[in-house]
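A.B. asks: Chain by chain, the residues run as shown.
4 protein chains.
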Amino acid sequence: VGKPYPPVEYGEYLKLDRLLTSQLPKSVEHGRPAHDETLFIIVHQVYELWFKQIVHELDSVLEMFRQDSVDERNIGVAVTRLGRVTEIQKLLIDQLRVLETMTPLDFLDFRDLLLPASGFQSVQFRLIETKLGLKQRVALEKLPSPGRAPAEQEDALRRAASEPSLFELVDKWLERTPFLELPEYHFWASYRAAVDDMLAADRRTIEANPTLSEAERLVQLQEHERTAASFEALLDEPTHDRLMREGSRRLSHRATLAALLIHLYRDQPILHLPFRFLTLLVDVDELLSTWRYRHALMVHRMIGTKIGTGGSAGHHYLMGTVERNKIFTDLFNLSTFLIPRSALPQLPPEVERRLGYHFPRD
Amino acid sequence: VGKPYPPVEYGEYLKLDRLLTSQLPKSVEHGRPAHDETLFIIVHQVYELWFKQIVHELDSVLEMFRQDSVDERNIGVAVTRLGRVTEIQKLLIDQLRVLETMTPLDFLDFRDLLLPASGFQSVQFRLIETKLGLKQRVALEKLPSPGRAPAEQEDALRRAASEPSLFELVDKWLERTPFLELPEYHFWASYRAAVDDMLAADRRTIEANPTLSEAERLVQLQEHERTAASFEALLDEPTHDRLMREGSRRLSHRATLAALLIHLYRDQPILHLPFRFLTLLVDVDELLSTWRYRHALMVHRMIGTKIGTGGSAGHHYLMGTVERNKIFTDLFNLSTFLIPRSALPQLPPEVERRLGYHFPRD
Amino acid sequence: VGKPYPPVEYGEYLKLDRLLTSQLPKSVEHGRPAHDETLFIIVHQVYELWFKQIVHELDSVLEMFRQDSVDERNIGVAVTRLGRVTEIQKLLIDQLRVLETMTPLDFLDFRDLLLPASGFQSVQFRLIETKLGLKQRVALEKLPSPGRAPAEQEDALRRAASEPSLFELVDKWLERTPFLELPEYHFWASYRAAVDDMLAADRRTIEANPTLSEAERLVQLQEHERTAASFEALLDEPTHDRLMREGSRRLSHRATLAALLIHLYRDQPILHLPFRFLTLLVDVDELLSTWRYRHALMVHRMIGTKIGTGGSAGHHYLMGTVERNKIFTDLFNLSTFLIPRSALPQLPPEVERRLGYHFPRD
Amino acid sequence: VGKPYPPVEYGEYLKLDRLLTSQLPKSVEHGRPAHDETLFIIVHQVYELWFKQIVHELDSVLEMFRQDSVDERNIGVAVTRLGRVTEIQKLLIDQLRVLETMTPLDFLDFRDLLLPASGFQSVQFRLIETKLGLKQRVALEKLPSPGRAPAEQEDALRRAASEPSLFELVDKWLERTPFLELPEYHFWASYRAAVDDMLAADRRTIEANPTLSEAERLVQLQEHERTAASFEALLDEPTHDRLMREGSRRLSHRATLAALLIHLYRDQPILHLPFRFLTLLVDVDELLSTWRYRHALMVHRMIGTKIGTGGSAGHHYLMGTVERNKIFTDLFNLSTFLIPRSALPQLPPEVERRLGYHFPRD
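Residue numbers (the working numbering), protein chains in the order written: chain F, 13 to 374; chain C, 13 to 374; chain R, 13 to 374; chain D, 13 to 374.
Because the hints were derived from the structure by calculation, they are not lab data. Careful: at least some of the hints might be erroneous.
Any copy will do: because identical chains look the same in the list, a pair fits if it lies in one copy or spans two.
[As the list claims (entries may be wrong)] Heads up, simulated DSS-like pairs for lysine-lysine below, C-alpha to C-alpha not over 30 angstroms straight-line:
| id | residue 1 | residue 2 |
| --- | --- | --- |
| 1 | LYS147 | LYS27 |
| 2 | LYS38 | LYS147 |
| 3 | LYS184 | LYS27 |
| 4 | LYS338 | LYS38 |
| 5 | LYS338 | LYS102 |
| 6 | LYS27 | LYS102 |
| 7 | LYS38 | LYS27 |
| 8 | LYS102 | LYS147 |
Just chain F, with the same shape it has in the complex (with noise of 0.2 angstroms):
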């Protein structure tokens, strides 16, 4: 009884005597210190301890989402926690700005002592896209060569590429919602005849707009075509699949079916978390593109348009990277795909009482 633990000690608890000499500067090595070399290091280390914060929270989720039957109680857990993920980005991004002061000047105090490391070659953000569900052909290509890494590191991501991703998981996990089909509500059909009023309308509102050129009036009709063309691919699944061998859709029809009604019926108790759930998914990509981005523009005004000779990338290869790496494009698309509620096919009160509690709380 009473306490059997032995007293922590701050600086112990923290390895405060590790952490805080891992910092040796190579011009400081070389005999030529350069001030700026130990903000470099450390805005480098400070990446690196969120990282492995990141991977810690997604593995959690990734277990959550592992098994066959995810518990209810843990959607609530997993937006907490990929909440705290985006918390974290933000900071990613926000870490930018202190790295930023130091101009480019600086940096050639001491850039060419870490060739061919000077770039951001982490094989733990590898990880993270990777356990994401960036493809992984992608990944690996990117592999460091061997001895760059740890090989703890290395073989941690080669395993994440063999492993189901959150992406697939989420794939799953949406095909198995067992609201898809409820024999008491013709739900898709109510949907297609309320798209298909809405495709009209605004068909109108482009041949009607009067502020448009003939040439402007000819892209939107295209575009509209093209739209048109994404309905009917959601509702159609010989070529919703002919679309993702093309590899312009990655989440299946099921699942993207799914993933749909949860957004348009977000406010019934039982859809509310998952779609929170979805939304954070959405919102990890876009800060991880921004940061992305953001990064990219810091080498351009870090090193300009030179290349990293020791074959870290610069920016052109960066820039491409941005948009091509995101990773839950389909569900950024879903928007294409939602439709007014006013229009929506209204429950009936069975379904709803059946996506409720059980216990009549209030």
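Starting from the known structure of chain F, fit chains C, R and D onto it as the hints suggest.
C.D. replies: Same frame as chain F, but now just chains C, R and D:
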């Protein structure tokens, strides 16, 4: 004597009676109130207020640089005012988080009532881009059709397009920098020698880097050639002028050299504030690009792949403008031409004295 | 059929003609233009626009909780709307950085022209405090004298002071929580036993801690007594009621127990959103306090130790309000009464089932 | 010739093997893993890394100001480095949002395992306060007992307490300002006349303000007396010295006058960077105070009214330190003594010329 000014009331001073009665949701007008339309209105109104403030700051800086001889004391003022612009820009970016608390489905509750205005069609935003120096052709082709914006705003935009932009005034100001040719030091010859050494070292690094595949090495050698050619263009005025005609340079040859000199010798008192000023131009441009990128992401999640049926731009179009509309690209690229301070030609004492203050302060 | 709505113009929709012509600097009016007065006006106008938005959100949440029985689906909506309020509050705090780009000397260029309005005298801000539940006496005593604010704003403030605040509605809502007495589990007895164990362990820790001086140990033991007394008050209604009369508690005994239960069992689906809702109330209060503190700091650096000669408050007064005006202190203090989950009484399966969803989702 | 430096590996350079293996949760060690303990560790480790960076920047600024004669070029460098400190401080404050994603209940899962270390007991933080100039007595009394921090850290703290702080060095540097007595302009006489006019006008405003009650007017008149007395103290050295002995002033008389002069004539080139430097000292202090306040709020919501049983401070103690530990209060208070530029004595042309640059730039 004494205070002759009539007392001022907080609400009257801020025109709160007009300000707080200027939110008239269409959804209320049409009898189907949508809670989030107020947010949509207020977010855009706040944007417009901040834009007005940015225009106010830019106008004062333009006025200072429009003089044949910029008062030295004004560089500090310009630095303060551009610094303020960047603080506002950070808010503009963060403000997107508030708008994103409105979900796509909430937006649909009133989006059709706003056509064709549902997108972001701010004349003031284009005014800011134009005053900074975005090429007028681009700015003007997107001018709203008659009737879409208050006539005064359109006039302001046309006027801005016909007057020298901040880019152009800075170009001229840099060209007038008096330190470029000082009889007593052969700066550019020493600089060229240092550059040649650096390029040779870079080339050897690429050739010897054991972590590169042959294909990667080839790519890097090609990029290295481009870097070497960039330096040629920097030091050879005719080449630079050709690049200007071809559109890959915009800053004049002489202005580019001056900007480079300011970066390299920024610690000299007389160059310190000019250096901060040039850095702030890059900051403003970077934050503007970041805003455009974040805005495009937000549009993507809000309307998916749909275009704005009323003529507002879809996210694909917006993504295209993010990098294309950068203005001070030549200042970003300047880092390409920096060389380490250790390789910099030492200033002769007499030159250094002349770059200091009259008054021996300490 | 089709779109019956007249086309909407961006500028007309946002009332830009009124909005962008509502900045009328007194310094211009009096013929001695001060550049920064425009900033001063616009910063305060932006504050007022955001305040209006916060009021809009609070009103909708108040409306939901004014019902005798709060619709379960509305908790999720309330969470979203309070979440939006916190995002706006973060902007309000960051916005002080923009105002601080105006130096004290710049402020002096026009400060005397604004008397007695030069301080922050927002009726809407007091409206927000009052709607949240700041005790009305405080709010009303600072009501502006006749003529200082638009009459409608004053009316709104008086009306808010006479209606139930969010604090009071939440108090009632918590009191109605149906889980407090379930025949099948003796929650409070188990909780009390766990608390007793914890307090005994804490006391032993203090007594045995070798790093404390005797004086420190004495202080800690006294504080420990206070903690023990707090628990007594929590579990004993008459004591709690006495503390309420004395002013050190505001939330009723029953509501406090309900809030504690929601915190302890927040992972149960039916309690998850109520938990987030209570957390957001603390977030809102924390951000409001942070804003007050940052504002007081800003006033300190802007006017030093002077008071606002026109009746606006100096920084000493403002510092005094920072903590005093906290509203949901009882929810902050709730952490005092939490016990580790491992010490929590396990819910009987039947109870747990009843706290879940009707529909077996997965 | 060529590159003689051995290739550097990213992971080895950043010591990732040590960094990423330094998170050893006590909850894991004791066989009851708590998910959030990793966050708790990493958040504190990131704090410590940033603290190390702040110490690095402060040390370099201290070194510059320790010289008998501060190199003019170094003021710009000091401005850059303090600017970097403020960017880091903004992250430190925002980072609390990440820690707050851990709920009080989550903290309880492992808090008892960390005793007596569970609070924030950073020696580096106290080092920063001490180097900035927090009175040593305060800093030392909170020195951890032997064994609680690495001996080197304690040594660093004692050393810092025995060396001149930034406050003291800035005090001396200001005292050496050479512009205080120039034969050709009677600055302080003109200033005193302008002040007398201003005080008289303020008094008339209070007496005539129709919105004040008599009680309010009395309070304001008393505060006005205090303001007038402040000015007396400013201009009368013996009074200032008495206030220093009494503890309500810390900056010397001569340094205070110099700081005021720098504020009033900051647009003169030679005073611009000194002005920015003084402003940044206030920024640093303001951000430090904001951090303390936000931290105290966070502790309140995390542990309620409990104290840290192991000796760490409860939120009441922390709140008490927020304002008390401000360091550059005299610089905050300087605004008390500013007078409008329009009332400022005009500099004679010869003085103005001497405050400019040698080189006629434009």
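A.B. asks: Decide, hint by hint, whether the structure agrees.
C.D. replies: Verification of the supplied hints:
no., hint, verdict
1, LYS147 / LYS27, "between (36 angstroms within a copy, 29 angstroms between copies)"
2, LYS38 / LYS147, "neither (36 angstroms within a copy, 36 angstroms between copies)"
3, LYS184 / LYS27, "neither (41 angstroms within a copy, 39 angstroms between copies)"
4, LYS338 / LYS38, "neither (35 angstroms within a copy, 35 angstroms between copies)"
5, LYS338 / LYS102, "both (17 angstroms within a copy, 24 angstroms between copies)"
6, LYS27 / LYS102, "both (26 angstroms within a copy, 25 angstroms between copies)"
7, LYS38 / LYS27, "both (23 angstroms within a copy, 13 angstroms between copies)"
8, LYS102 / LYS147, "within (24 angstroms within a copy, 33 angstroms between copies)"
Violated hints, listed in ascending order, are 2, 3 and 4; each of the other numbered hints is respected by the structure.
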